[in-house]
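Student: If you read the sequences in order, they're chains A and B.
Okay, so the first sequence: first residue is 0 according to numbering that gives the first Met the number 0, each after it adds one.
Okay, so the second sequence: first residue is 0 according to numbering that gives the first Met the number 0, each after it adds one.
In short, the hints are calculated from the structure, not lab data.
Computed from a predicted structure; not experimentally measured.
Within a straight-line C-alpha distance of at most 25 angstroms, the following computed SDA-like cross-link-like pairs (lysine to any residue) qualify: (1) B:K189 / A:Q39; (2) A:K65 / B:K189; (3) B:K325 / A:C49; (4) B:K322 / A:F22; (5) A:K65 / B:M198; (6) B:K117 / A:T16; (7) B:K200 / A:E67; (8) B:K325 / A:M0; (9) A:K65 / B:L426; (10) A:K65 / B:V201; (11) B:K200 / B:E211; (12) B:K161 / A:T16; (13) B:K322 / A:S52; (14) A:K65 / B:S162; (15) B:K322 / A:A19; (16) B:K322 / A:L66; (17) B:K51 / B:K189; (18) B:K78 / A:L66; (19) B:K117 / A:P12; (20) B:K322 / A:A78; (21) B:K200 / A:Q77; (22) A:K65 / B:A163; (23) B:K322 / A:I27; (24) B:K189 / A:E9; (25) B:K78 / B:G425; (26) A:K65 / B:P195; (27) A:K65 / B:G425; (28) A:K65 / B:D128; (29) B:K552 / B:H377; (30) B:K322 / A:E67.
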Amino acid sequence: MLHTFVAYVEDLPGVLTRVASLFRRLNINIHSLTVGRSEQAGLSRMTVVCEASAEAGHRIQASLYKLENVVDVDDIAQAPTVTRELALIKVAATPRTRSQVFELVEVFRARIVDLAPESLTIEMTGVESKIEGLIQVLNEGEGRILEICRSGKLTMRRGHHTSGVLKAMGAGADESAVEPAEEGAAVEQE
Amino acid sequence: MGNDANTQALNHPPARLTGAEIVWATLVGEGVTDVFGYPGGAILPVYDALRKFPIHHTLVRHEQGAAHMADGYSRASGKVGVAIATSGPGATNLVTGIATAMLDSIPIVCITGNVSSKVLGTDAFQEVDITGITLPVTKHNFLISRAEDIAPAIRYAFQIAKSARPGPVLVDITKDAQQATAIFDFEAAKPRPVRPHPMRKVEESGLAQAAELIKNANRPVILAGHGIIESGAMEQVCTLAERAQIPVALTLLGLGAFPASHPLNLGMMGMHGESWVNHAIQDADLLIACGMRFDDRVTGTVATYATNAKKIHIEVDPAEVNKIIKVDVPLIGDLREVLEALLPRISSRDGSAWLKTIDGLKGDSAVRDIKNLPDLGHLYAAHVIHDIWRITGGNAIVVTDVGQHQMWEAQYYHHERPRTLITSGGLGTMGFSLPAAIGAKFACPEKEVWVIVGDGGFQMTAGELATIVQEKIKINIAVINNGYLGMVRQWQEFFYEGNYESTPMVSPDFVKLADAHGIAGLTVRSRGEVAEAVNTARSAPGAFLLNFMVEGKESVYPMIPAGSALHEMIRRPGGKDPLEES
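Please build the complete structure, drawing on both the sequences and the hints.
Tutor: Structure representation (structure tokens):
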């Protein structure tokens with residue numbers, strides 16, 4: 000099954016290697032990995048998506064915690080989330096063939112962010128399947144896809160703040176545990 | 000000295016020191032009195048500063064020895080062992096020793112020099128990415144390039160090495176950081192408190208379930224592992240066993256955690272455990288695993304392992320729970336603390352029926368025991384080890400290497416107390432014993448230390464004989480010399496149709512080799528000479544080597560072939576001298 004882990008890690012040299020090395024040792028391929036700053040100074044947030052057996056989730060989470068630089072790990076599993084991916088797609092398009100691409104971009108609620116005589120670049124945000132969909136129809140169209148740059152999965156649990164980071168850092172310990180919820184869940188079911 | 004030095008460091012007003020001096024001052028502050036190492040270009044500033052500090056440095060003959068000495072020092076004392084090496088090959092030579100400590104959860108700190116930070120990553124002379132290389136075999140490692148970061152890193156390294164499930168930590172310090180100066184403030188360099196693993200928790204309901212399972216079990220067995228020794232839970236395990244009358248089976252690294260002479264002690268489990276121990280585990284209806292990790296050498300095939308037993312797993316490392324064997328009640332925490340919480344819920348129960356059943360399983364084991372065979376002129380390792388046990392009263396620290404002699408040691412030397420058997424279990428590192436024994440001797444100078452080693456493993460690190468002489472320490476070495484890489488030969492005999500490819504081994508005359516180093520020695524060829532030789536070695540003022548010329552093609556019995564169920568063991572043909580039989 001596909002696992003998604005959200006990890007808060009110290010923003011230091013080599014931490015990415017330590018995390019990646021853990022998956023490498025288990026011979027698990029990482030589907031996508033996003034890293035960036037978090038709401039906590041000095042902490043980065045990683046979203047790691049990988050394919051592994053259902054039982055492996057516990058061990059990966061437990062092993063991630065054993066890394067000194069890892070502060071918090073959330074195994075998202077099947078919990079309700081807001082999930083997005085950003086893709087930049089460069090397509091070969093001449094003035095003659097552009098309009099077809101414009102139409103597709105419109106349908107997928109994507110945006111054109113760069114236009115050149117021989118090509119154009121699409122920015123698309125959405126869930127993975129939506130991006131895959133756009134790529135597929137572009138491939139079926141006239142304009143050849145020249146480049147694809149995808150951010151990998153960005154994900155956050157729905158509803159209340161449930162991260163253990165604050166707790167782990169010794170603050171906000173009174174944050175009451177919140178059931179995976181509801182507010183906004185209906186707005187966009189993915 | 001440790002305490003005085005510690006106080007001295009603590010009371011030391013913050014002062015400007017070189018990075019090299021900070022290394023030693025921090026070690027002194029952490030209570031270190033002995034280190035094991037080998038100098039070289041990138042660590043020279045550190046060596047230059049050594050004379051100013053109350054720390055004894057043992058010069059090894061190969062850096063692998065330094066790591067094993069730090070490891071043996073830690074296993075014998077429970078303290079953190081320290082190894083020091085230079086950059087490049089000095090650092091890479093440590094790796095086998097670091098991995099050995101990692102697999103057996105031994106707290107050591109390795110300090111390596113590295114090239115100047117200005118040339119890091121340029122393939123400078125003797126530069127190697129040792130933090131990269133050791134990443135998977137350390138609990139954590141540090142690359143330090145500023146003098147002011149040295150004390151915090153070393154203190155943090157000690158904390159990591161000791162805390163929760165112990166393990167090795169490496170601190171790599173660039174040469175310019177050693178040469179630069181910084182304010183040394185031991186107190187200010189203290190690491191933040193240990194961040195507890197959030198999955199390490201014991202639920203009330205878990206304790207209640209465990210107590211209920213123990214109360215209702217008819218055929219319970221305690222599986223006693225190395226975690227008992229690391230956690231210091233010998234007394235708690237003993238109380239549990241005695242109160243609920245539960246027999247105790249031990250892992251190799253658990254030997255000594257529960258007294259061998261205790262009536263509830265079954266002995267070692269697993270691949271070379273006695274048949275009744277493994278049968279008891281297979282027949283059990285409850286296993287209480289204490290500080291052990293269901294290694295493949297103790298489970299046999301997982302699918303057939305104790306299928307009728309409920310399992311309680313008390314373990315400090317959450318990543319070990321449900322890794323190999325699915326358990327019913329995980330109690331994830333420090334073993335001693337968990338047992339202390341559990342014991343008030345345990346009342347006395349009658350285990351006599353089950354104990355009697357296990358006794359019945361012993362059956363013909365005694366007649367299969369080579370120790371009980373009449374002397375037909377052959378010398379067997381079993382007799383040698385049995386005699387060493389008998390003559391030392393079981394009071395020596397025995398340091399073994401890896402292979403057949405290691406298993407015979409486990410079978411015939413009966414350990415009453417923790418930290419009296421020092422052996423490489425998880426990694427199975429040949430060459431471990433001689434350097435580890437040197438470390439153990441430094442940790443416990445008043446203790447009698449014996450090395451039991453095969454002819455193969457001995458030649459891997461025999462250079463450390465010179466270290467023994469230079470340090471003027473008393474260690475007794477028993478080489479179990481059968482002219483083969485014995486355990487590999489045994490596998491070839493059982494599983495490769497006796498094709499002894501590359502296992503017969505020519506060795507030097509070990510007594511002459513010892514003599515060349517200035518160590519006295521004796522060769523022993525018959526059973527009748529063993530006791531006297533052991534006594535001679537013990538009473539000799541210095542280190543002594545005994546070269547026991549044992550039978551070449553003897554095998555360790557019983558044996559569970561890898562990939563078989565725990566009860567499918569190869570047993571010694573009963574009542575026969577194997578050589579007479581063939």
